[in-house]
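2 protein chains.
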Amino acid sequence: MKINQICLSVDDLPKKWYNITSDLPEPLPPPKEPETGPSRTEFLGRTMIHECLGLESSTDSWIPIPEEIRELYIQAGRPRPLYRARRLEKQLGLKKVRLYYKREDLSPTGSHKVNTALAQAYFAAKEGNTTLATETGAGQWGSALAYAARLMDLECIIFWVRTVYDWKTDRRTFMKLLDATVYASPSKETKIGRKILAENPNNPGSLGIAVSEGLEYASQHEGVVYSLGSVLNHVLIHQSIIGLETIEQFKLVDDNPDLIIGCLGGGSNFGGIALPFAGEVLQGKRECEFLAAQSEAAPNLVKGEYRYDFGDVAEQTPLLKMYTLGHRTELEPIKADGLRYHAAAPFISALRHHNMVRAVAYPADERAVFEAAKMFFQTEGWLAAPESSYAVKASIEEARKAEKAGVEKVICMNISGHGFLDIEAYREKLGIE
Amino acid sequence: MKINQICLSVDDLPKKWYNITSDLPEPLPPPKEPETGPSRTEFLGRTMIHECLGLESSTDSWIPIPEEIRELYIQAGRPRPLYRARRLEKQLGLKKVRLYYKREDLSPTGSHKVNTALAQAYFAAKEGNTTLATETGAGQWGSALAYAARLMDLECIIFWVRTVYDWKTDRRTFMKLLDATVYASPSKETKIGRKILAENPNNPGSLGIAVSEGLEYASQHEGVVYSLGSVLNHVLIHQSIIGLETIEQFKLVDDNPDLIIGCLGGGSNFGGIALPFAGEVLQGKRECEFLAAQSEAAPNLVKGEYRYDFGDVAEQTPLLKMYTLGHRTELEPIKADGLRYHAAAPFISALRHHNMVRAVAYPADERAVFEAAKMFFQTEGWLAAPESSYAVKASIEEARKAEKAGVEKVICMNISGHGFLDIEAYREKLGIE
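Chains A and B, in that order, are what the protein sequence lines are. Counting along the first sequence from 1, when you hit position 114 you're at 114 in our numbering, and nothing is skipped either side. Counting along the second sequence from 1, when you hit position 206 you're at 206 in our numbering, and nothing is skipped either side.
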């Protein structure tokens, strides 16, 4: 009998997160203050969760996961299965290549974002805060934080880019069902929002504006902290739960990946699955390659420069050393909105700089990635999120390449989310009636 | 540490389905031919899957599950977890009552329907057929059969009630992504469809018409068999996988349910979780009660008569002894469309007749059931399908009643599907902006 689902028991849920900092070939370039304006570090120190800020500069390799967070992870369905993609292998006629995928799509909110949202909500509550504030673009992060806040009995304030807020009615309802307060951004709730609306009441909003509103809101209200869902070190450390589980799952089937593939916008799901494996590569314990699947709309690892840049359009973060397209670059709209970010997380950028991460970018018309996701759906039976489709596309291409070259290869991809709330994108991109 | 997720390993997936026939207090009243018209049994014998028809009259208590179907079940994510609803218990202030729920919402198509769809597709292919034909109303059954057909490399022809076809664009895309051919019914593909359209080109369709079209299509085309998703004995036997897993999961936590609750339209998810427990009750091995949660729009167990009736509006099935509201009764539209059926499955009706199944019906405005589902979402974190919301509502009511009476009680409900494709219903019923 061919069993394609590889499960860990709840007792095997990892007890520690992994932090790659000390294993990097050279020290991670520290955040820097920009030459003008107020101290960004001091500002973030006042508006963010202390435990998370502490992780930003931690050199501990292993961070204990508090028991309460492990309980929340289990409540949210962790550990998540790893699948052997035998049906997809058959469709592709693979003899030398084995394919696997990790099931982050089983998340209650539809993506891997809950892994850090739950941790942040727990620490925010523990530090005596009553409210989480954040921004969201595509809506995956807003959904995850709304969920985590509700489970920890916290309020949640979400500033959501107005153009997306207006048309993603189902995601909006999803957040509101969890009692989140959701504002179309720019909003009248902040000074900067009111200023922008005074200039143009029809301003469509942007992620930069939404970040600014969230930060201002957090800094001006007692008990409110600001929460970020990608890029920063603490986020990728929380997400390491994905890769740590995957390592244990490969042991169960006595196999080893030669290539880990994830889609990459800011880098949180990619880092989540890749960093624990990369750590073992750096320690000389295994050989493994890493491939980031991107959009030509935001090819930060493919075409970006490795330099200090802001994390946000509004220049409210410290400068971080990242592969970046420039924080003010306008990025073309795509359905995989979660991949539209100008820079890659410092951890990932450092690995890229040491030639440990390859990257590929697919055309912004997205037809090819949705075709790949359709093949995945038809063979494996799971509808992937638009973002995850990029990882599927890259995995199929790499598998075909290795097969053609007659090379034995084990490829593992991360299915970062499900596509139940993105079926319209499939319809449009594949021209289905 | 409080672990709320109770998992079986894939090795523990049941190897046999359970058939309650021989354990019933008296023999199941057999299907009957109506007094007029052609033989329905002979007609179904020509249009349905032989293996499934064989199960209809089987008296074997245990039906081996072919290894290939067990592989498909595992591919589809079985075994599914059972959860202890500790967070909901806390919200309700329960001290004496323990709540559990089974996670059929983790299905690839969003409902428990895949359990029988995969079995039927497997047997249809084994018997040399190339194509599955069916009808669908809400779309859950059509989605599940499209999925199963795709995994078994079969064609799938779906006749979908036109009014629903027109507005459920995401479900339609979902089926088409799986290469199903989906016709709005009445269609031009069948004689009966053309006749109805000639009389009125704008006929909105009905489940009865769609059944007639599917059956005609199957009877007129080589290699096409007709597939049904509820009511019949073979469907409930396939669904017994739900309850069989649940029995094993309760053993793992050394607990025992006093009351099993499921929503009920035709009875397939209710039967799936309840029948294996009911069998043990009939064998004197355990004590357990059963409660079906219905809508006042289709309260077949609450207000129906136990008598012979057709399974469909078009009178193409044999007569079955069921609690029925009458096969031509017009049922009020509700969001939980899967509960809109005039009669309860023969197995369930027989148990009801022997006072083993209680039933409750909630108002057709559905406000109360969506409020219950919202509480479930906010505490447990999972968005239930509209149909499953009825089981949640009934479980909350029963828990409160037992708690008030100071009675220790263990309640287990079935979450038959997820609500990601039904968020509009939540928005409308709860008045969310």
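Worth flagging that the hints you see were computed from the coordinates, not collected in a lab. Among the hints, erroneous ones may be present.
[As the list claims (entries may be wrong)] Selected chain A positions facing chain B (in silico; Cβ < 8 Å):
#1 Q5
#2 F250
#3 K251
#4 G381
#5 L421
#6 I423
[Unchecked claim] From the derived model, a few chain B residues whose C-beta atoms are all more than 10 Å from chain A:
#7 K2
#8 D23
#9 P64
#10 E127
#11 W167
#12 T169
#13 Y183
#14 Q283
#15 D365
#16 V410
Predicted, not measured: the structure shown is a model, and the values here were computed from it. Just so it is clear, CB atoms sit at the ideal spot from N, CA and C, and this is done for glycine as well.
Okay, the hints, checked on the actual structure:
At its closest, the beta carbon of Q5/A sits 5 Å from a beta carbon of chain B; the interface hint therefore holds under the 8 Å criterion. At its closest, the beta carbon of F250/A sits 16 Å from a beta carbon of chain B; the interface hint therefore is violated under the 8 Å criterion. Taking 8 Å as the C-beta contact cut-off toward chain B, the hint placing K251/A at the interface is violated, the least distance being around 16 Å. Given hint, G381/A at the interface with chain B, holds; its Cβ is 5 Å from that chain's nearest Cβ, closer than 8 Å.
With a cut of 8 Å, the hint placing L421/A at the interface with chain B holds, because the nearest CB-to-CB distance is about 6 Å. With 8 Å as the threshold, the beta carbon of I423/A comes within range of chain B, its nearest partner Cβ sitting at about 4 Å, so the hint holds. Look at K2/B: its CB is around 6 Å from the nearest CB on chain A, not clear of 10 Å, so calling it non-interface is violated. Distance to chain A confirms D23/B as a non-interface residue, since its nearest Cβ pair spans about 29 Å, more than 10 Å.
At the 10 Å boundary, the C-beta of P64/B stays outside the reach of chain A, the nearest C-beta of that chain being 13 Å off. Non-interface status of E127/B relative to chain A is upheld: no Cβ of that chain comes within 10 Å, the nearest being about 22 Å off. Distance to chain A confirms W167/B as a non-interface residue, since its nearest Cβ pair spans about 14 Å, more than 10 Å. Not every Cβ of chain A is farther than 10 Å from the Cβ of T169/B; the closest lies at roughly 7 Å, contradicting the non-interface assignment.
Listed as a non-interface residue, Y183/B keeps its Cβ farther than 10 Å from every Cβ of chain A; the least gap is roughly 12 Å. The beta carbon of Q283/B is kept farther than 10 Å from every beta carbon of chain A, the shortest such distance being approximately 30 Å. No beta-carbon of chain A comes within 10 Å of the beta-carbon of D365/B; the shortest separation is about 18 Å. Distance check for V410/B against chain A: the nearest CB is about 20 Å away, which clears 10 Å, and the non-interface claim stands.
Checked against the numbered hints above, the structure violates hints 2, 3, 7, 12; every other hint is satisfied.
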